[in-house]
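For the protein sequence lines, the chains are A and B, in the order given.
Under this note's numbering, the residues of the first sequence are numbered 48 to 197, in order.
Under this note's numbering, the residues of the second sequence are numbered 12 to 239, in order.
Simulated from the structure, these hints should not be mistaken for lab results.
No false leads were mixed into what you were given.
Below, in silico cross-link-like pairs of lysine-lysine (DSS-like), each with a Cα-Cα straight-line distance of 25 angstroms or less:
hint, chain 1, residue 1, chain 2, residue 2
1, A, K161, A, K115
2, A, K126, A, K163
3, A, K93, A, K161
4, A, K161, B, K201
5, A, K126, A, K194
6, A, K163, B, K201
7, A, K186, B, K201
8, A, K128, A, K163
9, A, K175, A, K115
Just the calculated beta-carbon pair ranges, DEER-fashion:
hint, chain 1, residue 1, chain 2, residue 2, range
10, A, I179, B, A25, 50 to 56 angstroms
11, B, G182, A, D99, 43 to 49 angstroms
12, A, H103, B, T177, 40 to 46 angstroms
13, A, G101, B, A36, 30 to 36 angstroms
14, A, G129, B, T33, 29 to 35 angstroms
What the simulated footprint calls covered on chain B by chain A, stretch by stretch (three residues with Cβ under 8 angstroms from a Cβ of chain A suffice, anywhere in the stretch; the number is not a length):
hint, region
15, 133 to 139
16, 225 to 238
Bear in mind that the values here come from a model prediction, so they are computed numbers and not experimental data.
Every residue gets a Cβ at the ideal spot worked out from N, C-alpha and C, and that includes glycine.
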Amino acid sequence: MDRRIKPIKNLDAVDGTIYGRHNKVHMVNPYKSYFIVHYNDGTIQKGNNLFDTGWHKVRQGIKTLQYKLSTGHLITIPKTKGYLPTIEVSESMEGFKLFHAIHVNCIAYDKIIKYKIILKEDNISKYKIGDIIISEPGKSIESPQWKMSA
Amino acid sequence: MSEPILTFLYNHSANDVAYGGTGEASGGWQKIQLTTNSGSLSDRKIYTGGGIHQALPTPTAAYGSREATIRPSIGTYPVPQIYIESLSDNIMYHVPLASGQPNSNRFVFGVYVDGLITSDLYLEMWDDMTFSTCDLPTLSGSSNYPYSVFNAIRTTDSAPPDAWGTSTVSGTTVSGVVNLAGYDNRLRLKGSDTIQNECLYYSMYAAIPWDLEFTHDQPVETYRYLYI
Chain A
48 MDRRIKPIKN
58 LDAVDGTIYG
68 RHNKVHMVNP
78 YKSYFIVHYN
88 DGTIQKGNNL
98 FDTGWHKVRQ
108 GIKTLQYKLS
118 TGHLITIPKT
128 KGYLPTIEVS
138 ESMEGFKLFH
148 AIHVNCIAYD
158 KIIKYKIILK
168 EDNISKYKIG
178 DIIISEPGKS
188 IESPQWKMSA
Chain B
12 MSEPILTFLY
22 NHSANDVAYG
32 GTGEASGGWQ
42 KIQLTTNSGS
52 LSDRKIYTGG
62 GIHQALPTPT
72 AAYGSREATI
82 RPSIGTYPVP
92 QIYIESLSDN
102 IMYHVPLASG
112 QPNSNRFVFG
122 VYVDGLITSD
132 LYLEMWDDMT
142 FSTCDLPTLS
152 GSSNYPYSVF
162 NAIRTTDSAP
172 PDAWGTSTVS
182 GTTVSGVVNL
192 AGYDNRLRLK
202 GSDTIQNECL
212 YYSMYAAIPW
222 DLEFTHDQPV
232 ETYRYLYI
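Next up, chain B with everything else stripped away, as it sits in the complex (with noise of 0.2 angstroms):
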């Protein structure tokens, strides 16, 4: 047996419609490029806008451009634009079903299987690539607001509840919200531990609370599975 080959996807276009393809891009679905050996650099997640200029043009914005966002005087603050930035086409890919969070829109980004995963995949989020540590103001959190402030919710199945509250289960109420730190609190992106050839799908936003410290984080985000 091997690994699986896993493939980072977006949705670049306004349709909330499943990714079509095995592992390439397809539609509206663009693939996030990743770090090889032969030295090209991998695309980054950018999380901006509600500063002066609200926002940054849209479908595409420069490469290298940031709008403020705000550390509100109260509550938490939804950071309102996602981009991919592509190292090697130098422009940003706007994301725009990620744009207004929480909302429900359902195909927003993907993680495309190709091959036979043993367990669950799971998004996690850490300081660094070794893995270990969430002390990063951004995953740990504030004295009054102690969670991350990347929430996260698996759509693979279903479109989120409104406003991302709570659903009901076979009679029971559940939150699929996740403040992604760390091993403790992740996101599964399935539900079972058999996952084939298939996309599983989710959806993110960032959301200041009113006393982050100010900081610059480049937290990594990771996919955790098991495989024969």
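Next comes chain A alone, as it looks inside the complex (with noise of 0.2 angstroms):
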């Protein structure tokens, strides 16, 4: 399938480079970047990438659930009861797709947390690739995908 990221320049194992006006932009590959799910009994679930992320595939009774980035990024969400990471993207009239961030929604007791993992860097942003920005959404998104902890 066409996945039409072909203005990204170096685009390779860790990352890629998008030139502008007067800002140059890193974003990581989204080919290479994927969850990491550990289940009780042992068992670890890899998902796919950025655009088939292959979440509807995890199963119930997560016991740590993990990201690893194209960049080395290795990031362990905390534990919650619950989780629904969802992916976010711009995409331009002419076809370019560009990954901003994972927003990771959790359930933490009575209220719901996001874990805003970064995917991108540039010379205007403060945060880099890997940052993660923890906020509480004050809204929770109703959604079959919710996998809960063990």
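From the two separate chains plus the hints, produce the assembled complex.
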């Protein structure tokens, strides 16, 4: 399938670069970034990539949820009652895709906590690839794709 | 789960009717062709007209043709025509319902979402593919008109109000017009956080303020969303 990320230069196993008028952006390689789920029985399930995440195949009873980025970052999400990750992407009318972040929504007692994993960095933003921004979104996403902890 | 497939559409007919397809050309609606890794180039949205000849031919014009436009001596001037320039077909397709803006036509541009989006779909404009700055004159405006020249309004639920003025929603007077520029000035195409296998609509035009610096800008139009 055509994934339409042509304007990215030097997209390799680590990352790629996008050149703008006066800014330069590095983005993780979306083909080489994925989740890793650990279960209580010792089995491990690896996701596909950021296009076809494979989250629907994750079973209930998660022990640990991690994200492996193409840049080598291995990010472990703190244990909570349940998880629902979403991918934030921008798509241009020219067909280019830029991956901004992974939003991992978590059920923490009586509220939703969101761990936002940054997937790009540039000369302007203070955030770097692999940074995590923690917030309380104030509302929950209704979805059958919530996966609960063991 | 996997990414949704977005199809960008425009109404090439003068019939103000909804899109009836599921991601392909249908009725008067045509697809905007995207750049592919196989090398084909994307279509472009062209704002033109108002000069000596007033307008380009319709319903199509020769590839690469441009009519001059006007920087007014006072106020703002809505650029009267929008075309989709197809590099693959080597021709420009007129979007008739986008002429004479701001008008009350509803089904002008559309985005068909094949799959599931877990947020709204946000229409944004940026300087370039880094999606990080809005410094181009057409996005930052002028000293007396510090707004983007690109006016957009959501028409998914209803047609725009007369002259894109205010309307009343649940007893509150609102204006749905957004001057597109970056993250802070973007247009929500649905108004809710779940979109699945449906078409969303909007209308837009460019209005040149009297003191905009002379420029030849090519900002990029982008769509931001979340998926599982």
